[in-house]
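Q: Those protein sequences? They're chains A and B, same order as listed. Residues in the first sequence are numbered from 1 upward in steps of one, following my numbering. Residues in the second sequence are numbered from 1001 upward in steps of one, following my numbering.
None of these hints come from the bench; they were simulated from the model. Positions of the beta carbon are idealized from the N, C-alpha and C atoms, including for glycine. Hints should not be assumed to be uniformly reliable.
The list that follows gives simulated cross-link-like pairs (lysine-lysine, DSS-like), each with its CA atoms no further than 27 Å apart [stated by the list, open to error]:
#1 A:Lys72 / A:Lys38
#2 B:Lys1246 / A:Lys38
#3 A:Lys61 / B:Lys1072
#4 A:Lys38 / B:Lys1114
According to the in silico footprint, chain A covers these stretches of chain B (three or more CB under 8 Å from chain A) [to be verified]:
#5 1010-1020
#6 1120-1126
#7 1277-1288
#8 1296-1306
One side only, chain B facing chain A, incomplete, derived with CB under 10 Å [claimed, not checked]:
#9 Arg1227
#10 Leu1231
#11 Pro1234
#12 Leu1259
#13 Ile1291
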Amino acid sequence: MRVCGVGIKAATACLAIVDFSDGELSYQKLGEKKLELKDDADSANVRSLASSIESFATQHKIDKFVIKQRQKTGAMASGGITFKIEGLFQMQKKADVCFVSAQALTKVSKTNFGAIPDSLARYQNDAFLAAAAFIQKNENG
Amino acid sequence: MISFKIEEVAEVFRESVEMLSKKIEFTKIDKKAVSGFVLFGKHQILNDEVAVKFYHTTAGVSPEPQKLATLKHPNILRVNDAEEVDDDFAFFVAPYCAAGDLDDLMCLGTLGVKEAIDLVAKVTSAIAYLHSEGFIHRDLKPQNIFLTEKDEPAIGDFGSVIVQGAGGYTISLTKHSLLYRPPEDILYNHFHQTGDIYQLGILLFQLLGGHLPYDEIEWLNSIQTKRYLNLHFPENQIFAGECIEKKICGGKLLDFSTLPKWVDNKVVALIRKAVRVDPNKRHASASDFQIALHNVKSKVQDWQVVEEWAVTRIKGLEYRVLIDENSRIQKRRVGSWKNDNTFDGESIGEAVVFVEGKI
């Protein structure tokens, strides 16, 4: 199974692809690890991001996108653009989309399953942990 | 019906053409296509203008013609019909695009920076799809990308498409447009997926206004030109071809100094990466390249060419820079243009830097 973890902050979605087979996780190196939506008022730009997500899912044969959940309300609520980006991931038809909580990321990070690979860029940590948390949860039923 | 002499069509294709003529009223033949020839006509039942391309195939390397008809992407021209003629040739039927191709679009003038990036990003999304289906295009150039009725770019020539081999590349047995051939194709007859990215890089360079001469003699230096002129056909063409191949293999095909001064260095860096001589140092995949195009688009200033001016908008003000050795700047919020006398430079490069300094 090929899972792409997604961590969305401000106007940027960070990506990390993780393959899972025979009980082993393996992180796949990516050329472009970030998708940005700097001008969300420009419809062409939003469509361009949607197309980029679809191409990414198609070409990398992603089975599932796993997005780290963010707060929608309160003092720690995430910005509106993050939810716009999230919607674009949900709109693409190439791969399923599901969510994992911030607590699940913390939990998996304390296990071997969530050991951060050396080649991972720091800003990809949440994306990797989101993928690892989803896989661990699925493994344990 | 065929409104030209059937003798103009090579004997091997006549049976197919006559069979197709029961459905299509053929009006024109174009024999200049590099890897085959094209017939134009009107589908009598659908009442659509169509183009029929006959092309050379290689068993085990070219995709089944019928497979082309299953390709579905908004930036790939829909193939209505496709069949084998014999073991060596096949044809496909696709809609005729009256708006022409990207070469025609470039003839109308230089495109805006973001418009050019957008066009290439859309073609790249089609290539990402083709790659995911196990194909490599090999002949991405302005003449093979058409504009649909909705002004969307669509890849419209599949005569060069091959099935990707197990090693991530395919031995390239047929040759396509020399200018767009990646170095590894010239040196080793290897065509990788990143060969398509190389061609997309050249396409972006051209759409942004970079100079890529189509006349072979323009590629030669003064000594080479002298020798070229002393040779007869076909030796002169072979010689010019070898000179161009050396440039391609040395990574010197694109002269980046010909790009307009308003093309941002971030875009230039992106093109440089796409056209690296070493295929492993290019963008790893078409989707990588598409993401890079998408991300860079929001980081660069958009400039449009309007007559002899380069025009941009910053914080509600419109600025225009005269495209001339002695440049000047004018600005306006609404109404008539006024000279910006705070600019004391001369060159267009200085003028662009001055205007972008107001961001």
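Q: The structure should be examined with respect to each hint, and the outcome stated for every one.
A: Do the hints match the structure? See the list:
Between A:Lys72 and A:Lys38 the CA atoms are separated by roughly 20 Å; this keeps the pair inside 27 Å, and the hint holds. For the given pair, B:Lys1246 sits about 41 Å from A:Lys38 by alpha-carbon distance, which is inconsistent with the 27 Å threshold. Between A:Lys61 and B:Lys1072 the CA atoms are separated by roughly 17 Å; this keeps the pair inside 27 Å, and the hint holds. In summary, the hint linking A:Lys38 to B:Lys1114 is supported, as the alpha carbons are separated by about 14 Å, within the 27 Å threshold.
Closer than 8 Å: that is the beta-carbon criterion, and the segment 1010-1020 of chain B has 0 residues meeting it against chain A, so the requirement of 3 is violated. Coverage of the segment 1120-1126 of chain B by chain A holds in this model, with 4 residues showing a Cβ closer than 8 Å to a Cβ of that chain against a need of three. For the segment 1277-1288 of chain B, the stated coverage by chain A is satisfied: 6 residues place a CB nearer than 8 Å to a CB of that chain, which reaches the threshold of 3. For the segment 1296-1306 of chain B, the proposed coverage by chain A is satisfied: 3 residues have a C-beta within less than 8 Å of a C-beta in that chain, meeting the threshold of three.
Evaluation of the B:Arg1227 hint against chain A yields a violated restraint, the C-beta minimum of about 42 Å exceeding 10 Å. Given the 10 Å rule on beta carbons, the hint for B:Leu1231 is violated: about 44 Å separates it from the nearest Cβ of chain A. With a cut of 10 Å, the hint placing B:Pro1234 at the interface with chain A is violated, because the nearest CB-to-CB distance is about 41 Å. Checking B:Leu1259 against chain A: minimum C-beta separation of about 22 Å lies over 10 Å; hint violated.
Among the interface hints, the one on B:Ile1291 holds; its C-beta lies about 4 Å from the nearest C-beta in chain A, closer than the 10 Å criterion.
This entry does not satisfy hints 2, 5, 9, 10, 11, 12, going by the numbered hints stated previously.
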